[in-house]
Each structure stands twice: as C-alpha cells, then as structure tokens.
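K.L.:
Sequence:
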Amino acid sequence: MAPWKRFGFPSFDYPKGNLGKEVMGGVEKIFSGKAPDSARGKCPLLRNEHMEDFCNINDSPARLTKMAVDGKQADLQRLINERRSRLFVCGAGGRTLLHYAAESGQLQMMDFLIQAGIQVDEKDDEGETALHLAVMKDKEKVVQALIALKADLYARNQKQETAMHMAARTNSVNALQCLLESMVDSVDIPGYYCETPLHLSCSFGYLDCVRLLMKHGASCLAGGKMGLSACHIAAGKAQPEVVMCILNESGIPREALLGKGDEENRTPLHWAVIKGDVNMVKLLIEHGSQVDAQTCDQSTPLHLACSQGLLDIVEQVHRSVGSGDFQNILGVVDAQGMTPLHRAVMFDHENVTRFLLLKGAPVDVQDNEGRTPLTLASTRSSFISTAVLLDHGADPTIQDNYGKNYLHYYITHGLPLDCAYMKASISKYAGLLNAKDKFGCTPLHYAAQNGFLQSSNSLVSFGATVNARNKGYQSPFHFAAKYGRFNTVKSLLDSCRGQNIINDSDAVGHTALHAAAENGHCDVVQLLMARGALTHKAFNGQTPLHLAAANNYREVCRLFVVHYTYLLDSIDRNGDTALHLAAANNASKVIEFLLTAGATLLLNNSKQSAIDVAIQNRHQEAATSMVLHDRWEEILTQLSPTYGWPVLGLIEHLPDVMLIALDRCIVRKADSHPLSREFYIEFRFNLLEPPGLENVAYANELNREALKALNVMVRHGRTDLLSHGVCSSYINNKWAHYGLPVYGLNLAVYSLFLALLTYLVISGVQSSLVPSLKIANYENIVAFSDENKTFNTQDPRKLTRISQSRHLYAGGTKIILTGISRWMPEKAGKVTGFKLSVMVLICIFTGLNMAKELIQLYHQRGQYFRDFANYMEWFLYISSTVFVLGGCQDFEEPVLFIGWRVRWQLGAFAIFIAWFNFMLYLQRFGLMGIYVVMFLGVLKTLARALLVFACLIVAFSLAFHVLLPLNLYPNDEDFFDRPNLVIDINQLRTAHGHVSHSLIRVISMLLGDFDTINNYINPMLDHTMPFPEVTYFFFLAFVVTVSILLMNLLIGLAVGDIEQVQRGATLRRLAMQVDLHTRLEAKLPKWFLQRAMVTVDRFYPNECCSKIFSRNVRSVRTPTFTVPLLIILS
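The letter at position 442 of the sequence shown is residue 442 when you use the UniProt record's numbering, and the numbering goes up by one with no holes.
By construction, these hints were calculated from the structure, which means they are not laboratory data. Do not rely on the hints blindly, as some may be mistaken.
Keeping only pairs whose Cα atoms sit at most 27 Å apart, straight-line, the calculated DSS-like set for lysine-lysine is [as the list claims (entries may be wrong)]:
| no. | residue 1 | residue 2 |
| --- | --- | --- |
| 1 | Lys159 | Lys275 |
| 2 | Lys237 | Lys275 |
| 3 | Lys282 | Lys225 |
| 4 | Lys537 | Lys471 |
| 5 | Lys490 | Lys471 |
| 6 | Lys137 | Lys159 |
| 7 | Lys669 | Lys607 |
| 8 | Lys141 | Lys237 |
| 9 | Lys159 | Lys72 |
| 10 | Lys852 | Lys1086 |
| 11 | Lys438 | Lys471 |
| 12 | Lys159 | Lys237 |
| 13 | Lys359 | Lys282 |
Distance ranges between label pairs, derived from CB positions [as the list claims (entries may be wrong)]:
| no. | residue 1 | residue 2 | range |
| --- | --- | --- | --- |
| 14 | Ser461 | Asp297 | 41 to 51 Å |
| 15 | Glu555 | Trp1087 | 48 to 58 Å |
| 16 | Asp185 | Glu241 | 25 to 35 Å |
| 17 | Glu621 | Ala424 | 23 to 33 Å |
| 18 | Asn540 | Gly360 | 54 to 64 Å |
| 19 | Asp1011 | Val1040 | 47 to 57 Å |
| 20 | Asn265 | Ala424 | 42 to 52 Å |
Glycine included, every Cβ here is placed at the ideal spot set by N, Cα and C.
The whole structure should be built from the sequences, with the hints applied where relevant.
P.N.:
What follows is the structure, given as structure tokens:
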C-alpha cells in the first residue's frame, strides 16, 4: 500500500503529459527521500523572487501560499500544471508551500506538494523545516505524516534546536509524544547551549511536557549551559510544580537532585535565592535541600540572601532550620572569610543586619583582611549599619591587617561624628581618637588629608592629639598642608596648640611650609607665612624655595622671593640653588622667573652650572627658557669644567636649542629701514669662542682643541648649525685672515708644480717619447721584415746603417743611426737649460713635500695611514721624481738609469694623479668644493656597486671567451665559392680570444659598444660562429641583465646617492674648512690668533661690493674682515 493511503489520503489523478510523467515517475523517489532531478534545488532559486512584482496574479506567492493554507488543492494543482515553477515559490521568510500546508494542518495539500516534487526537509530563512512548524502548532497528524515520509527528525534551525526542542518550548504535548516515539534514544538531545528539551520545558513550566519527557527517560541530572540541571532551571525560574514533579516522579533520590551543583557548585536552593522567591526557598528546604551548601567561593544561600537584602528569605531560612542550626549557619564564612553578617553590612541592608544580630550572629568575626562587620561597614560607607552594629555592642577597637579600626575608615568617608552613637563610642573607648595604624596615622591624619573640616574639628574637640606623628614623623598639620587643605590648616592653627605645630619638622626636616611649597599650594603657603612660619632648611639643606622650584610652581616661588630675598641664592648640601633644581626638573616657568629675579649663576659641588644640569638631563624646555631670557649671553658664556662652556653641551645634546641661541646672535639694526644703505646685519661670535677658555680646567681634554664649537658640530654631524649664518660668517672670517693666505699660497705652489710637470710631460712626448717609439719601430722593421715591391720611398728599411752618426739612448742601448733624420726632429732627445731648470724645480718640490709627509707621519702616527690621500700623494711625488730623473739620460753619466717604457708609464700616472689631486684642492672653495664632494661621493658609490657586480662582468667575460675564442670556417660549399675570398687565419680572430681581451670587450659592451652586426649577426649568417645557439642565449642574457638592468641600477644608485650627497656636501665642505683652520690654529702663534680674533661682523646688504668693503673697513674692529666680499668672490 502506498504510504499516503495508510493515513486515508484520497488519491487523485495527474494530467497526462510531461508534468504527469515527471510527478508520477518521481513519487517513489519522493517517499524515499529523493526528489526528481528537474525539481531538486529549484525552490532556493525562487526565494529571491517571491517579493517581486508579477504581471500574472496567478504567479503571486501570496496567492499560491494562501491556497496552500486554505487547502485549495484543485486550484493550486491547476496553476502548477499551467506552470511548474509555481510549485517552488516561497513566501515570507523563505517558507515553501509545504511549510504553509504543514503549519495549517492541510494533509492532502502536503501529500500533493510532496508528490509534486517539494522536498520534505526544505528549510526557510530561519532554518526551520515543515516539521518544526507542525510541531510548533501541535499538529499531531501532520507530525505523524512527516515522520512516515522520513522527514529529518534531527534537522536544526539557526538556534540549533530540533523539532523536539520546539515541542518542549511551545508545550506541544501531542507532537512531542509522536517525536519521542520515533526518537527513543535522543530524548536528551542537546540544543542551544547544550539545553535538552527537558530544560526548556522546566524553564517555561510546562508540567505535561516535563512528565512526558521524564516518562521517556529524560535525565533530570543532565547539565546544560553552566552545568544547570532541570531542577536548577525550575528553581531559578520559580516553577514549584515542576520542582515537585521532578522530585516525586523522576525516580532519582532527592539528595542527588537537590545537592547537585552547577559549574560554580550552586545548588537549586542557591538559584532560588538568587531568584528571590521565598516560596521556592521554603519548598526546597522542606524537601531536604542543604541550607549550608557552599558554592565555589564558599557562599551559602544565606550569604546570597544577605547580600541582596532578602529579609523574607532570611526569615524563612530561620523558620525552616530552627534557631540552633541557624546560628551555626551564621558562623559559616566564604572564601573571603566573611560571614552572612559581613555581606549584609557591606551593602548597608539595615533590616537584615538587625535580624541577624537578634538571632545571635557573631558581631566581631574578622574576615581574611582582618575586618569585622563594623570595620567593613565603615569601609563601605554603610552609615546605618555602623550605627546598628555599635548599638549591638560591636567592639570598635579591633584593627584590621593594616592596623586600622573602624574610626579610621569612618573618617576617610567624611561621615559625621556628632551623632549619639559615635559620641558614646568615642567616650567609652577614648583610645580610638589617637589609635595608629601600621603607617602610624591617627584618624585625625586622614581627616586632615581629605579636608573634612567638620570631622577634624570634632576629633579635636573630642580630645584628639593635634601633633601626633606617623612613622614619617608627620603630624596631621603636615598632611593638611601637603594636600592643600586650607580650611583644615587654618583650623589647626587656630587650635590651642597652633603656634606649637607650625614649625614642626618631619623625619627629613620638612616643615608644613616645605610640604605646601613642594605641592604648589599657594594659598596655604601665604597662610603659613602670614602666621609666622619659618623658612628653615631641611636636613639636606633645601629650603621651601628649592622644593617649589623643583616642581615648577612659579607663584609659590614668587611668594618666597618677594618675602625672603636671601633664599634666591641659597644652596643645599650639594651646592645646588633653586635654579639648579629647576633645571634638573625641567621647570621652565620657574627658571624664567628666577633669572628675572636676579638669581646668581653659581656652580654646584659637581662644578656644574644650571644650564649644565639642564643639558646633562636633556631638558630642552629648561634650556630653551634660559636661551630666550635676556641673560642668555651671561648663561651661555659661563665657563665650567663640564663642557668648557655650555655651547658645547648644547651642540652635542640639544642642537635645536643651540639653533635658537645662534639665531639670537644675529642682530639687525633697529633704527634703519631694511632697504636703506645704513641697514646692516650683525653677526656676533662670542658664543663660539668666549674669552677666558685657556683658564678652564676641562673635564674632557677633547675640549682643548682649537675651534672647539665648530669641531663639536662636525663631530656630531650638526649640518644645520654649521650652515647657520653665524657659523658661516665665523668660518669666513677665519678663512679671510689666515686660511685663504696660507691655503692660497699652498695652492699656488702646487699649481706651479702642476704647470711645470704638465709642461715637462707634454714637451717630453714629442721630444723624447715619439723618437723612442720611432727608433723601436725602425729596429723591429729591420730585424723582422724583408723588403719587397710594396715598399715606398718613405720605408725606413731603405735607409742605410753607417758606422758613425749621432747617438741616442733608447731602451738603454746605444744605437748608431743615420738616414732617419726625416723621422725625427733635429733636437730630439736634447735636454735644454730651461727644461733642466723645470726638472730641478720639480725635484725640489717633491723632495720638500716628501719631507713634509714624513713630519706629518711623525705627528699623526697611526691616524696618518687612515687617509687615502696620503697614499696618493706619496705615489705622486715618487712617480714624478722617477719620471723627471729618468729624463736626464742625455748626460754622459745619467742621473737615473731607467727604461723609456717604464718612465713614461710612470709619467702617465704622475700627471693623472697630479691633476686629480688638484681637483681635491678645490674642495674648500665655495661652490666648486660642493661639486668635488658630490663627485667623490658618487665615485665611492659606483666603486662599491662595481665590487658587487664584478662577478657578473667576469662571468660573461669567461662565457664569451669559451664560446668565441676563434671563428670557424663553415662546412658550407657556398661560403668558399664567394669571389675575392681570402683565406687567412688572422681573419678568424675575435675580441674574446684572450681572457683579458674578453674582459675589456665586455666592459665596452657595458658602455654600449656592441657592434652587433660585425660581431654577432654576420658570423651567425655566415655560420662562422662555433656555438651560435648558446652564444645567442648569452648575448640576450647580457643585454637584459647587464646592459639594461645593471646600467639602470647603477644610474639609479648614482641619482639616489647624488641626492644624499647634496644633503651632506655642505657638511663635508664645512668640515674640511673647520679641519683646515683647526690645524692652522694649532701651528700659528697665539699673538697672531689674538690679533686675528673677531667678535662681531657686520653685513650691509644694500650697498655695492666696493662700498661694502669700505664700510667693513670702517665699522668692524681691528682686524678688518670682508665676509660679504669673500662670499661674492667664492
């Protein structure tokens, strides 16, 4: 029998045609859980279309779903036969027609839809199947039909709930019965947060469902979320009928049900207390729930009830367990050592507190921190509970782990002391007033600290000691002054002992005035000074002004300076003044005030001035305030052993502040228009070289070098400082007075040497080198070549060799020649008197310079070998000397016997290095020097790059040497049939025949000299290339990796390095100038340097060069400097 016939479903006929065949052919597949291929998956495709507008009303999802709900099978069947896609339309929430039919209980409609092709387990947007909806509506027959149709009973919606969970949630008893019969082993199936159907039924109080689930074996001990069992949930939701049902019908001992704990070991009674349902609490206790059961934090249900202030539950527990057991429970402590009474007073539950005390709760029990209920109530500002506890005889003298009694905490919260119970307590326990905690503080200390004036007055009136001291030997008066409690200070001063405590000092010698000044309480300081407080020094020698200055309280400092001027330069035991401490603590406002007030710039015991201290601590704000003050010149020129003078420290550690100082060294004429001829800009150099430096005992011997400030700038790379107008003007003045004359003379002498060497090389090429080459040619021709008909009249082989003629030296051999005069000039090889003079001058220059280098080596020691220029100069002088002496071979006894080949190779090196060295001389000349520095920087980058990529160049050189050592005549007859073909082995030579030649060739290719047609294309076409394929591959690889990639990389490196060099070129040029002047000043006499010293330089920007020069001569002190003119000339 067909499955639908068992339920009495009427059969119906499907129309013939494709639809009928498809539906009837898929019936068996439908009831086997499979849909026809043509129908499978179509419903999801239509879900997104069900809200669209339809031209035909019969296509409307609302109309189709309404038919499914109303059971209009015939009309729906007719519409589906007209268009099959209507079967898979979806309504609101993605529900199919089957969902609507199941929800409304239309069995015949369901049968039709399933046979037509809708999947029985199709889900809507919330993940619910038709079974979920049928269960929610408790459609028993529909549920039975879907179970018979093999619907997935374990399908879950988006809340991870099955149909059984839905039945338990909606109290669908009949549907739940059907599901339980089919899911015998899954009665405890977990859902959302591991909740079983029994948990849900207990939560909503559905008693029938609970009984049904327990009847089918649902576990009452199974834990859901947080380990809650069914009994926990029922108790927490205040469902007494469900609890009774579980206790009576579950078959589980009541001790196990009521004693089971959740993840925090809370029993159902704990949850009932949390819910606050007194009836549930009564029920659970009556049925055996343990009143003293403790959670993980050892809290009993009574602890929870007292924390929430549930007096009715507390009373119910008392009634249920009796007075004896109730007192035992009152003594149980939790993990914090608190009793129920602690919990009640913590939240100031007055009624619960009174009830517990009446029932015998222990009143003086201490928790883990030593707090009694009275102390805890004071800590939590539980004013009413404190009164109740005191009224019931709580001991107020008990101290906690910090040595504090309840009065310490009571005062801390500013609670009143004029109430009756407080007066009674204090009068009964007089020791409370002056009781000290472990810090030595009395209640009056805390009242003064927090500024509770009424409490302070009450304590004093009750007899509290005003001058009680804590372990820091501080009285309440110190506390009031320290925390700025003006009214409390005034009140304590007005007390009977006011004048006795005003100058009391603590353990470090600080009075109340020190405390108020240290914390910047200006009003308190004024009050204390008005009442006669003395400005004593503390034990470390610091006055109140020191403390106020250290903490940047300018107004407090002003009060002290106005009333006690002598404090301004007072020093402590370290020799520090208030200005020192202000600098040490970056107190910029106080520094400005103290300097304006006239503070003396003293040195402390460490021989440091105030600005030295600021520099040492890297306090930029403090140093800036000093530099911007009107006394900045006095501050920055003060000499001290630490840095020599502060400028050096600013350059090293605070360059930004030094830049501000240099800006202040530029003065513009204030009474002239900026465009008038009388307008000038004045550069002052007193910061760069203050007077009296020779008398300073430096802590750092490096500071003894000349041009100290500029050398420190160079050493630390301070380009912005070196290029500042003041420093540039300073260097230009040095350059104008002795740098330019000395260096210019040196350059002039070297230029003379260069001119003489250049003349000697150029003239020697024609007079000596060319004749030597011609003689070598003549000898080679005569020795190795025969005369033939191709000889012309100019052939040297036609010249005769005779026994005597003029003799020349060539290669060390005396050769007698004649008839060759047409090849050589008349005076070839002759050394004239002028040339001899040139040789002598060159030898003198090189000899003197080599002696100079030896002296320099003696002075510089190892440092000499670190400069590459020294190696270059030695090679220059030696090669020049050998070249010159090798040219004196016309004498009877040659000065230096050397072959002409060696001599002229040395000459080539000498002339190259001489001109290259001349370029290095130009580094110190203005713009030319910048370009020279840039060239050297790029040269270094290129050299480093080539060292890395040299392997690539060598690799291609060796590869081409292997592939192209010699061309090959091809095995091609057409090649040898060419007209005018000359067979010569020399024609097969290639540029890669030798390793060295191959390397040169690859380097030339690197620069773009490919000659591709002659070297690669023609040999490939003529088949004379030995390995054309591999050679072609390596040639392309070379073009890509070397010619394109490497060259672009080198260009990119050069461009990038130029940008970097441009940024550093100014620094290098100025560094070389500083180094030059430093070495010169070390060698020049002091009287000359004193005469050349300049402190001011004026620049008139609105006058021409000649007038600028004359104006400088008139206006600048002796000696005269022409910095603007020098700038223009450079």
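K.L.:
It remains to establish, for every hint, whether it holds in the given structure.
P.N.:
These are the hints, each one checked on the structure:
Distance hint between Lys159 and Lys275 is fulfilled; the C-alpha atoms sit about 26 Å from each other, no more than 27 Å. About 7 Å separates the Cα atoms of Lys237 and Lys275, which keeps this hinted pair within 27 Å; it holds. Between Lys282 and Lys225, the direct Cα distance comes to roughly 26 Å. Compliance with the 27 Å bound is thereby established for this hinted pair. Straight-line distance between C-alpha atoms of Lys537 and Lys471 comes to about 21 Å, which keeps the hinted pair within the 27 Å bound.
With a CA separation close to 24 Å, the supplied pair Lys490 and Lys471 stays within the 27 Å bound. A hinted pair counts as satisfied when its Cα atoms are at most 27 Å apart, and Lys137 with Lys159 qualifies at roughly 18 Å. At most 27 Å may separate the alpha-carbon atoms for a hinted pair to count; Lys669 and Lys607 exceed this at roughly 38 Å. This hinted pair does not check out: Lys141 and Lys237 have alpha carbons roughly 33 Å apart, beyond 27 Å.
Annotation: proposed proximity of Lys159 to Lys72 is violated, straight-line Cα distance about 33 Å (limit 27 Å). Of the supplied pair hints, the one linking Lys852 and Lys1086 holds, its CA atoms being roughly 23 Å apart against a limit of 27 Å. For the hint pairing Lys438 with Lys471, the CA-to-CA distance comes to about 8 Å; that is within 27 Å, so the pair holds. Taking the CA atoms of Lys159 and Lys237, the gap is about 21 Å. The hint holds against a cut of 27 Å.
A distance of roughly 19 Å separates the Cα atoms of Lys359 and Lys282; the hinted pair therefore holds under the 27 Å criterion. Range check, Ser461 to Asp297: about 44 Å between beta-carbon atoms, so the 41 to 51 Å window is met. A C-beta distance of roughly 54 Å is found between Glu555 and Trp1087, which places it inside the suggested range of 48 to 58 Å. Checked against the hint of 25 to 35 Å, the C-beta distance between Asp185 and Glu241 comes to roughly 28 Å, which is consistent with it.
The beta-carbon spacing between Glu621 and Ala424, approximately 58 Å, falls outside the hinted interval of 23 to 33 Å. For Asn540 and Gly360, the hinted distance range of 54 to 64 Å is satisfied, since their beta carbons lie about 59 Å from each other. Range check, Asp1011 to Val1040: Cβ separation about 19 Å, and the 47 to 57 Å hint is violated. The supplied range of 42 to 52 Å is met by Asn265 and Ala424, whose beta-carbon atoms lie about 44 Å from each other.
Of the numbered hints listed earlier, those contradicted by the structure are 7, 8, 9, 17, 19.
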